[in-house]
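> Listed here are the chains, written in short residue letters.
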Amino acid sequence: GNSVTQMEGPVTLSEEAFLTINCTYTATGYPSLFWYVQYPGEGLQLLLKATKADDKGSNKGFEATYRKETTSFHLEKGSVQVSDSAVYFCALSPKDTGRRALTFGSGTRLQVQP
Amino acid sequence: DGGITQSPKYLFRKEGQNVTLSCEQNLNHDAMYWYRQDPGQGLRLIYYSQIVNDFQKGDIAEGYSVSREKKESFPLTVTSAQKNPTAFYLCASSMRLWGYEQYFGPGTRLTVT
Chain A
1 GNSVTQMEGP VTLSEEAFLT INCTYTATGY PSLFWYVQYP GEGLQLLLKA TKADDKGSNK
61 GFEATYRKET TSFHLEKGSV QVSDSAVYFC ALSPKDTGRR ALTFGSGTRL QVQP
Chain B
1 DGGITQSPKY LFRKEGQNVT LSCEQNLNHD AMYWYRQDPG QGLRLIYYSQ IVNDFQKGDI
61 AEGYSVSREK KESFPLTVTS AQKNPTAFYL CASSMRLWGY EQYFGPGTRL TVT
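Same order as they appear, the protein sequences are chains A and B. So in this note's numbering, the last spot in the first sequence is 114, and the numbers never skip. So in this note's numbering, the last spot in the second sequence is 113, and the numbers never skip.
Just chain B, same shape as in the assembly (with noise of 0.2 angstroms):
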């Protein structure tokens, strides 16, 4: 079956640490994307890519960091430096950036205390 793979489902972390977020698509697609959603909120676009060894800022990016090796893998980095980390957070994936509509996985939902 072709899909998204996001682990873990839930993540606990103490602050001040790093936590890295993984996402894995087998759908060959081109793109790859990072949302972060607050409780009872649309998305925010976080990162996004369009093709390997590049990625953009999206309307959050500061805190994050994220990295494109692979075509079928986009981590997602929350440092310390996010001062409100606690969120719902979405990876997606589409054929190419425009146009065409975006696949998701189930989440990530982090708790940092």
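Same shape as in the complex, but just chain A (with noise of 0.2 angstroms):
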């Protein structure tokens, strides 16, 4: 079946560092590929997208590259500030059909510190 891996948090930088989440996944065919952002006591809001291969997603600074020969989906943005603290989900959709629309990683936690 479908399944997202991510590296387990907490992940914790100063502001202005250099981050990257990464996010491995296991499908069948080209599946859409999703970053989700959580803030504290808030729902999931989808932070950035790629729906084929050699796409890259971009949103508020956060780039990802979907790469097919790695099978990865890796999460990365220059510069973070403190605002950028929440847990960050990596997730997949098939295309076509299957049992779960949505498979998420686990979420990893990023603490940004002034």
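Check before you lean on any hint, since a few could be wrong.
[Claimed, not checked] Just a few of them, taken from the derived set where beta-carbon distance is under 7 angstroms, the chain A residues facing chain B:
#, residue
1, Tyr30
2, Ser32
3, Pro94
4, Leu110
[Unchecked claim] Which stretches of chain B does chain A cover? Using the computed rule of at least three CB atoms under 8 angstroms from a CB of chain A, they are:
#, region
5, 41–48
6, 63–69
7, 94–102
To be clear, the hints were calculated from the coordinates, so they are not data collected in a lab. Every residue gets a Cβ at the ideal spot worked out from N, C-alpha and C, and that includes glycine.
With the hints as a guide, dock the two chains, each given alone in a separate frame, to form the complex.
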């Protein structure tokens, strides 16, 4: 079946540091890939997405590239801010049928210190 | 503004009582979902619905029930059969069931004592 593996957190960085959160996936075919962000006590917000190989999703300074050859979708940001502190979820959705429409990773907590 | 609303934000119930959580969307999405999130954990799928009058069990459906009588609405009932109902409940919707991003509501935190 489909699965998503994320690096375990928490990830603790100083403000303006470079961020990478690793995400790899297992799926048949070519799923759509997503990064979601969850701030404390809130629902999930879609951060960015990519629907085919070599697509780059970007939003608010965050980027991730759909790498079919390495089945990865790592999240990066060049300079993090305290306000980026949150939990980040990688997810995939198969384009055809399947029992589960969206498979999530376990989430990675990011803590940015001033 | 289009979006998903969940109410209430916080809900308190006594053990043994059924409780219904509301979820409404005005995005004209066909598919809707309910997830449960426990502290420090990821999301677990409770139920999902592809179209009106159709819904399927997710990974942890026991002790929960849903209905989908209108495209916009997908209420979740937490029954007294749910052994550990205290959790954060998230509703989501997407244009179709597969291949599309899901949009989430703000969540309902249910506490049962």
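> Which numbered hints does this structure break?
Result: hints 1, 4, 6 break, sorted rising.
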